Amino acid sequence: MYSEIVMEHFKNPRNVGEIPNADGVGEVGNPACGDIMAFYIKVKDNVLEDVKFKTFGCGAAIAVSSMVSEMAKGKTLDEAMKISNKSVIEALDGLPQKKHHCSNLGADALHRAIEDYRAKQKGEKFQKPEDSPEACSCPVCDVNDPEEAPYCASVCEHSSK
Amino acid sequence: MRTINMDHVAASPLLPEVIEAMMPFLTVKFGNPSSMHSLGADVAEEIDAARTNVAQLINAKDQEVFFTSGGTEANNWALKGIASTNRSRGNHIITSSIEHFSIMHAVKALEKQGFEVTRLPVDAYGIVDPQDVERAITQNTILISVMHANNEMGSIQPIAEIGKIARQYKIPFHTDAVATAGVIPVDVDQLNVDLLSMAANPFYGPQGVGALYVRRGVKISPLLDGGIQEGGYRAGTENVVGIVGMGKAAEMAVVEMDARIAHLIPLRDRLLTEIPAAIEEVDPVGHPTLRLPGNVSVTVKYVEGESMLLFLDMEGIKIASGSACISRSLKVSHVMLSMGIDAGTAQGSLLFTLGEDNTYEDVDDVLRILPPIVQKLRDMSPLYKRSSKTKAS
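Chains as they are written, first to last, in our numbering: chain Y, 1 to 161; chain R, 1001 to 1393.
Keep in mind the hints are simulated off the structure, nothing from the lab.
Quick caveat, the model's predicted, so the values are computed rather than measured.
Glycine residues also receive a C-beta, built at the ideal position from the N, C-alpha and C atoms.
Keep in mind that the hints are not guaranteed to be accurate.
Said to hold, decoys possible - Partial chain Y-side listing against chain R, Cβ under 10 Å, derived:
1. Phe10
2. Val16
3. Met37
4. Ala38
5. Phe53
6. Phe56
7. Ala60
Claimed, not checked - Now the in silico label distances, taken between C-beta atoms and shown as ranges:
8. Y:Gln97 <-> R:Ala1010: 17 to 23 Å
9. Y:Glu49 <-> R:Gln1207: 54 to 60 Å
10. R:Ala1010 <-> Y:Lys11: 22 to 28 Å
11. Y:Asp93 <-> R:Gly1340: 36 to 42 Å
If we strip away everything but chain R, and leave its shape as in the complex, we get:
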């Protein structure tokens, strides 16, 4: 049986070139970049080269890029670092209701310390209205953080417009670009952002490494205190092998991005149109065009996501779902609820995240294998009452 990975949001395979670039740092080039001798100095140069590649990917300056352990650390650092630096200026933070847990829970932690939080609503496509951002601003607002795109439903936010408003009011603006950096064009100047979080794995770099972009002149306190790595802003011996891998992946993303997008969009759109055409009462989730190129999110009525996911897994197809039964907390995805999708419908969530390795054949297999699985589970479901259309068949 073929394995079809359509869960790139959970994990994307490393590119062979990335593995090749990383290998020496797992074997002979084991030096600590902080060492004065050549074993360390050589490694320090490689880190600088990786930083340049990552900076180029988002049109930043080298010294504005700080490596972290991934998107979660970058998000925590951005929020907590800006909040503590600006505590004397105000205590109000604006964010959205569809953020990743690493923003959602960092904001909640700040709330417990006395910060006040406005969580902006989204429309039915999951998109924040920039005017809502402007309306939410008070004299005490010290930080705005809105994610660039949500991986669970794919919609891309109007970051440049929000950034323009933030700049007008001189409020630091952060975006969680983990889903977009290296995947679609991300330019920190065009987006008008002051801080931007990213991770290597979405563009085929290793897991456990990411970066925070901090615009020159923006004051932020470190999250981790210790040695003077990363200019003193991020202590701890560098994850050299991860950073080198991220640098190589960034270099390749710059070159290959257009081709990757051109490969993904037709596959995405075929699934987004053909799944609802093949199965009744299936609705796409998120915006049809302002959307991540590899993201297909749908809800299937009357059945639950995990049971569909398990049957697909038996057929070799690996996907994800926002169903409560899958989340460790047994809660329906806050993203879908914020979009006005009711809890019962959200239970039938299916999330396909496509990547470089997916083909038309993979898409055809999904379209062939999914409908009978849905029918089998609907026949078992007390919520499913056969509509007049299906009765005729």
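One chain only, chain Y, in its complex shape:
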């Protein structure tokens, strides 16, 4: 079901853990959707000096987190903000269609950690979006009768689709 690269990252995930006193923290997801990802970043001279993550989720979610952490490390903040859902899927040599939302979550969690860092730099408090609607923007919700996907729908109904 999964590509060799996905299985390799799942078996040996890179950069697992937390960074004490991280410069930025980003979390997305909801257990009802299946995945929760937390990213921790250390920033030096506008560059991601260190990236770590913790993930609750399936094989794809763990592989995506690992891949995103590798892709982000050493990049400038602007470069890292450009890491997209699509580029993560490509780097993993593909993901099954129904697991595509996992890749959204990985990039989102990283971006949120960067936004958290930037907000702190400005002396503001980063406002985590309420209900994290994008955390459950699974493609399945788009094709399924919402009535038949009550548990996803309860999270997704706030999303501005």
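Given chain Y's structure and the hints, the job is docking chain R onto it.
Same frame as chain Y, but now just chain R:
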């Protein structure tokens, strides 16, 4: 590496005797039972013999057993057949909230046609209260369908009691016994059922064949129209090789059932007690004793089922999970949610379904291999905060 199959709910291997019984029908005995010549007549006799074996397994009469393509067809036929036959008498159907998809979605299809549906709740063990069934009955109730046992959490329902109530109100009562027929004693008279669905694979027969029991006198319209196979109730040339295999498997289940149960229960109970003892914050799912003999269902907190399943697979252990990440629909199991298990906890579902081929050695391997996998994934999980107990170690 040894392969340990603890996913018998997905597929059970055929018994060698069943394969042997089926082989001639894949080679020389290829006749169509509807033919008038001897090539067909011989095959027709074998189908009758298989029907007798299946009928004996559930204490039915031969003519009350109709072969189908499996449990899903039997369930669809029972519900849609009874509903359309009784449409003029009423439009209310009672079922439970923990049914298999083939009941759940057939009921939903009937709902779209104007039928009204009551879906009964279950308790924390996943069991329906017969009193709830009685309370749900209205003048318009034309069908009650409650499954005998759910494979996802193993609990066995009080079918005989529900059947008694249904009979008192003269309402046709169906049970989906796919998980139980051929596995534990199933007697259509003791259970007070009018219709019962079953499939061959759970008792080591082939996939793609099952049967619907319809009590004599119960009126039901066919699901498939066509020729006059199965007395005109189920059209289409018979799956001869499958039916013969199911017949042989039924014959063997009658003989071996007690020994199989005696083999499975100690293995089941060892896993049900030892997994929670070896790993913190693991809870068994379903009833501890009113339970399928080979079913072990647990939830592991702070980790997700698919990732545990994949690591177990790498170690040769094949299991299932009710996690949303595994289902094609990305939804958490409706069965666990109905039992009051929250979605996050249900994500950590592990389902071991044991069979004839499993041993104590297999169970010991699971108890040795699972705990470090859980720990590795918990160390990776943002939900896992080390409790004071683990801090000390």
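- [ ] Sort out which numbered hints this structure fails and list those numbers smallest first.
- [x] none
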